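All chains, please: the whole structure from these sequences, using the hints.
Which chain is which? The protein sequence lines are A and B, in order.
Those letters in the first sequence? Residues 0 to 163, per numbering that gives the first Met the number 0, in order.
Those letters in the second sequence? Residues 0 to 276, per numbering that gives the first Met the number 0, in order.
Hints were generated in silico from the structure; no laboratory data involved.
No experiment lies behind these values; they were computed from the predicted model shown.
Be aware that a few hints might be false.
As the list claims (entries may be wrong) - Pair by pair, the computed Cβ-Cβ distance ranges are: (1) B/S144 x A/T10: 34 to 40 Å; (2) A/M0 x B/S255: 47 to 53 Å; (3) A/L30 x B/E237: 52 to 58 Å; (4) A/E150 x B/R193: 44 to 50 Å; (5) B/T138 x A/H40: 18 to 24 Å; (6) B/G217 x A/R134: 52 to 58 Å.
To be verified - Quick look at which bits of chain A chain B covers, simulated, 3 or more residues with Cβ under 8 Å: (7) 39 to 46; (8) 51 to 58; (9) 122 to 130.
Glycine included, C-beta positions come from ideal geometry on N, C-alpha and C.
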Amino acid sequence: MHVELTVNGSTQALEVEPRMSLLDALRERLLLTGAHAGCEHGVCGACTVLIDGAPIRSCLMFAVQADGYAITTIEGIAPGPGELSPIQDAFCETHGMQCGYCTPAMILTAHALLAGNPAPSRAEIVEAISANICRCTGYAQIVEAVALAAERMRGLNQPAAGRP
Amino acid sequence: MLSAGGDDARLIAGGQTLVPLMAMRLARPKRLIDIARIGELAFVRSEGDAVAIGATTRQCVLERDGLVRTHIPLLAKVMPFVGHAPIRSRGTLGGSLANADPAAEIALVAVTLGATMVCRDGGASAELPAAQFFTGPMTTALSSSACLTGVRFPVWRDARIGVGFHEVNARRSDFAFASAAAQIALDDDGACARLTLGIGAVTAVPRRLDALEQMLQGTRAEESKLREAVVAALADVEPLSDLHASAGYRRRAAASLLMRAITDAWRAAHGQVSHAR
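See the structure below:
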């Protein structure tokens, strides 16, 4: 079946089997391997990508169903080659990852949260990432990373302290 | 298409239950008919004394919808408990109802409020009450060629209304072992003018507790007398029993959750908002 996938701002036409999941299409056809295959039945959240800004399980969506949506993967989060987004930076600084398997999904989930809520409470951060499983159980640093990123992103457009 | 496909064809909308079942090879449909983009099936609108919601309306939309919040507060209350946010991004109202999981929160609200299910089979339309729609675990009155197209939730116009909902599960947003919902409207004296109560995940289908409703109508739902009434109302219920929760546990949990739901609804109707989840 023919499908046009708009991923990280660029549209690509693909011929896929109807049964191919969006996750497999992203990984195997578009070579965007940041979305990870974990449980492949919608429980672990490792395959999270954003469609029109909302987090979804790419293992539970067929590629042909994704036609026309704006899809964002972890590869589309950084502002430029070799750079990191404030959220990615915060995950590095707070050691918000151990094995890294859940990390792209955690960062995309945080991205969606902070886009709608620039100052989330700890409870709201926990609620947002409750859909994503970290088997290293490094949740404390992940929550810390999201809080740090939120704080920095809120300050981005503020005048520096002490400036007249 | 669905009639022509026979038992090998299935409708798919959000796919949040069907696709996991396919991944586990518990469902092996030869054909999937995607109805997610049929615009006429996604809507929320006022229809007289009801709010009608289209079957493919996504759960994340209902979670934020102003009409739902104002006119079907019980539905608004349970939406955050339906799966996790990424599931609600894709999952639909009709998908959850047609799936008929005994633990589903939306199904509990449909039965508790006495919603009307609107179905289509080929060219024929039919309507049936939610209580008759659910016939067993993961089983509905729909034939394999029929499609749930929408639901009408009755709107209570009473001046003072409160709702309550509680559930217990192993982890946040997992399947509930027991759940309870309550909606109470007050009369001018501040007593229960009318109320509706239901329990979910306890029996094969969500169950409305008519006898308990009648017992509490006109009263002030005093907490001291509530436990006795609730326990008595659940005495003839035969709960499900499985690895996660025994029948006895489900009965006890349902009683406690129901008391909390009633108390929350009562307080909310009296303007004492409870922040307990």
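So, going through the hints one by one against the coordinates:
1. B/S144 x A/T10: 34 to 40 Å: holds (37 Å)
2. A/M0 x B/S255: 47 to 53 Å: holds (51 Å)
3. A/L30 x B/E237: 52 to 58 Å: Once the Cβ atoms are compared, 55 Å apart, the range 52 to 58 Å for B/E237 and A/L30 holds.
4. A/E150 x B/R193: 44 to 50 Å: holds (48 Å)
5. B/T138 x A/H40: 18 to 24 Å: For A/H40 against B/T138, whose Cβ atoms are near 22 Å apart, the range 18 to 24 Å holds.
6. B/G217 x A/R134: 52 to 58 Å: holds (54 Å)
7. 39 to 46: Holds, because 5 residues of the stretch 39 to 46 of chain A bring their Cβ atoms closer than 8 Å to Cβ atoms of chain B.
8. 51 to 58: It holds: at least three residues are needed, and the stretch 51 to 58 of chain A offers 5 whose Cβ sits within less than 8 Å of chain B.
9. 122 to 130: holds (count 4)
Comparing the model with each numbered hint stated earlier shows that all of them hold.
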